[in-house]
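Protein chains in written order, with this note's numbering: chain X, 1 to 286; chain B, 1001 to 1118; chain P, 2001 to 2155.
These are computed hints drawn from the structure, not numbers from a lab. Glycine included, each C-beta is placed from N, C-alpha and C at the ideal position. Among the hints, erroneous ones may be present.
The following residues of chain B were derived to be distant from chain X, with all beta-carbon distances above 12 Å [stated by the list, open to error]:
| # | residue |
| --- | --- |
| 1 | 1005 |
| 2 | 1018 |
| 3 | 1022 |
| 4 | 1032 |
| 5 | 1034 |
| 6 | 1065 |
| 7 | 1085 |
| 8 | 1108 |
BS3-like cross-link-like pairs, simulated, lysine-lysine; straight-line CA separation at most 30 Å [what the hints assert, rightly or not]:
| # | chain 1 | residue 1 | chain 2 | residue 2 |
| --- | --- | --- | --- | --- |
| 9 | X | 226 | P | 2091 |
| 10 | P | 2074 | P | 2091 |
| 11 | X | 41 | X | 168 |
| 12 | B | 1101 | X | 284 |
| 13 | P | 2130 | X | 226 |
| 14 | X | 168 | B | 1101 |
| 15 | B | 1101 | X | 197 |
| 16 | X | 264 | X | 226 |
Here are the simulated distance ranges between beta carbons [to be verified]:
| # | chain 1 | residue 1 | chain 2 | residue 2 | range |
| --- | --- | --- | --- | --- | --- |
| 17 | X | 253 | P | 2113 | 23 to 29 Å |
| 18 | P | 2049 | X | 89 | 28 to 34 Å |
| 19 | P | 2134 | B | 1107 | 37 to 43 Å |
| 20 | X | 255 | P | 2052 | 35 to 41 Å |
| 21 | B | 1038 | P | 2091 | 43 to 49 Å |
| 22 | X | 170 | P | 2054 | 27 to 33 Å |
| 23 | B | 1071 | X | 179 | 41 to 47 Å |
| 24 | X | 166 | P | 2052 | 23 to 29 Å |
| 25 | X | 249 | P | 2134 | 29 to 35 Å |
| 26 | P | 2028 | X | 94 | 44 to 50 Å |
| 27 | X | 244 | B | 1024 | 52 to 58 Å |
| 28 | X | 166 | B | 1040 | 38 to 44 Å |
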Amino acid sequence: MTTQDYANRISQIIQEHEADIGAEWVAQLEALTVRTNVVSKEQLRRHCQQFLTAFARGTRGGELQNIEHRSWDEVRDLLAEISSSRAKAGSTPSETASFVFSLKQPLFVRLNEGMAGDPAALAGASWTISSLLDKLGLYTIEVFQRARDQIIVRQQQELLELSTPVVKLWNGILALPLIGTLDSARTQVVMENILQKIVDTGAAIAIIDITGVPTVDTLVAQHLMKTIAAARLMGADCIISGIRPQIAQTIVHLGVNLEDVTTKASLADAFVVALERTGTSIVKKG
Amino acid sequence: MERIPILRMGDLLLVTIQVDMHDRLAMTLQDDLTERIVRDNAKGVLIDISALDLVDSFIGRMISNTAAMARVLDAQTVVVGMQPAVAITLVELGLTLHGVKTALNVEKGMALLGKNHF
Amino acid sequence: MSAALNNAVAFDTALLELHARLRTARTTLPLRSDEDVVGLRRHVRERAVALALSLVDQTKLVTAASELARNTIKYGGGGEVHLDALEDGFKRGIGLIFVDNGPGIADLDMALRDGYTTGGGLGLGLGGSKRLVDEFDIDSRPGEGTAVSVVKWKR
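Can you make the complete structure from the sequences, with help from the hints?
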């Protein structure tokens, strides 16, 4: 039997018994799925029906090994949809893969019936279907992982947003406290945010406070310098505050040139300098 | 030939660059500005680059040269509205735009020009 | 300017196939006039946006492209640029290869040094462009031509 023959035979069997296969499959899944709050019964049935139809169409394409082939595009898209929505609803990857694997049983039963007289063909078809569903099941896990990764990335970005608070100290004076460890990648993003906030608020001076930063290495120091240079190019200026003795030592050791950058130990001192520069002074009354 | 329009406001010249400039257009702008400074006896030039999402070395040099020529003609130049991504890229490129004053927006740019000329 | 009659630049360089294994598509554009530079900027920006590069990374890549394209025209007598879509596993990127038939660069070390502020270097700005991209390779043979290959990956 050629691959195309298998394909035709299998798709024929699926089509003839679609309703029965579908019903058995759903029954199995409902038994497996302990948590119905993740996937409702109607949704489950709908997914099963959609998948079965698409699967039958896929087998007709004749390509039973390579699920990247375009005859499996519809199935893959459907699985991607199902997998993503389950990932968002809190399913585990196994639960989602089981969706596909549990189709084997009802299919085997029908294959058995339909090919009883030809053990060699039956063995071949069973093996083909099994490995095909294995691949599709694994595909759902891949998509699942990717969806979860995207959620993680988004959460990281949100965390990043939170970790660059902006405080408007005075007209045209911003304070940007940096918090936490700065690795090279995060520092770049943080710096871009600082510059954008300067533009958004039209601040003349941005005080970058690094009190909350435990260590500063060469890369971070360089990024800081570049940010200040960029801010100046844009027409604003920066003051660095919160430099602790250890950090001061590190910066000197690293040979970073801080000559034309104003640095202050405390945010308060930096604020006074900023006020002076913007032509404002604080006067004590009485 | 296309030219970038130069507006006059009193003794100030205002240029808003809104197109992706090719080198010839940049050179034409530089020439036009220099000519107008003399013709209109301008004391200040405001170049608005808030719509530019790209400033490469040629445009950077054009801006520097324009500012230098303006200074010789006793006029001040301020460049406003540089986008953060552009600023970061210029720093990385090593272009400093020496001798060019900058401001965050047109309003601040005008204030800067107003302060320094009489 | 000894421009070839057809568009293909006759500078045989291994850089054209440097990332052959990772390349999924290649588009070739001529670099002969000012307008070509503007067109290239637009093309690269579109690709960078499609790749979802951050705004800063987009700007860096387009700026580097502009610089290198200008070099090709001004110092190389015109040439062409190949835009490659690259895939390395799950990593995706854009590759640009600038090729010309020009006089070539005699002193590469000198050329890679910055030429903007210090006055040293050859004014080619190669050092600067190098900092804007993730990968930078150059092949230049005096009297034959120059090829510069750069890559920016989606972080």
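How the hints compare with the structure:
1. 1005: holds, 23 Å
2. 1018: holds, 18 Å
3. 1022: Residue 1022 of chain B is indeed farther than 12 Å from all Cβ atoms of chain X, at 23 Å.
4. 1032: holds, 24 Å
5. 1034: holds, 23 Å
6. 1065: Answer for residue 1065 of chain B: holds, closest chain X Cβ roughly 17 Å.
7. 1085: violated, 8 Å
8. 1108: violated, 7 Å
9. X:226 x P:2091: Judged against 30 Å, a Cα distance of about 27 Å means the pair holds.
10. P:2074 x P:2091: violated, 34 Å
11. X:41 x X:168: Violated, at roughly 53 Å.
12. B:1101 x X:284: violated, 35 Å
13. P:2130 x X:226: Between residue 2130 of chain P and residue 226 of chain X the Cα gap is close to 16 Å, so the pair holds against 30 Å.
14. X:168 x B:1101: Given that 30 Å is the threshold and the Cα spacing comes to 25 Å, the pair holds.
15. B:1101 x X:197: holds, 21 Å
16. X:264 x X:226: holds, 18 Å
17. X:253 x P:2113: 23 to 29 Å: holds, 27 Å
18. P:2049 x X:89: 28 to 34 Å: About 32 Å separates the Cβ atoms of residue 2049 of chain P and residue 89 of chain X, which means 28 to 34 Å holds.
19. P:2134 x B:1107: 37 to 43 Å: Distance hint for residue 2134 of chain P, residue 1107 of chain B holds at roughly 39 Å.
20. X:255 x P:2052: 35 to 41 Å: About 37 Å separates the Cβ atoms of residue 255 of chain X and residue 2052 of chain P, which means 35 to 41 Å holds.
21. B:1038 x P:2091: 43 to 49 Å: 55 Å Cβ-Cβ, so the 43 to 49 Å window is violated.
22. X:170 x P:2054: 27 to 33 Å: holds, 31 Å
23. B:1071 x X:179: 41 to 47 Å: holds, 43 Å
24. X:166 x P:2052: 23 to 29 Å: holds, 26 Å
25. X:249 x P:2134: 29 to 35 Å: holds, 33 Å
26. P:2028 x X:94: 44 to 50 Å: holds, 48 Å
27. X:244 x B:1024: 52 to 58 Å: Between residue 244 of chain X and residue 1024 of chain B, where Cβ atoms are some 53 Å apart, the hint holds.
28. X:166 x B:1040: 38 to 44 Å: holds, 41 Å
Checked against the numbered hints given earlier, the structure breaks hints 7, 8, 10, 11, 12 and 21 and satisfies all the rest.
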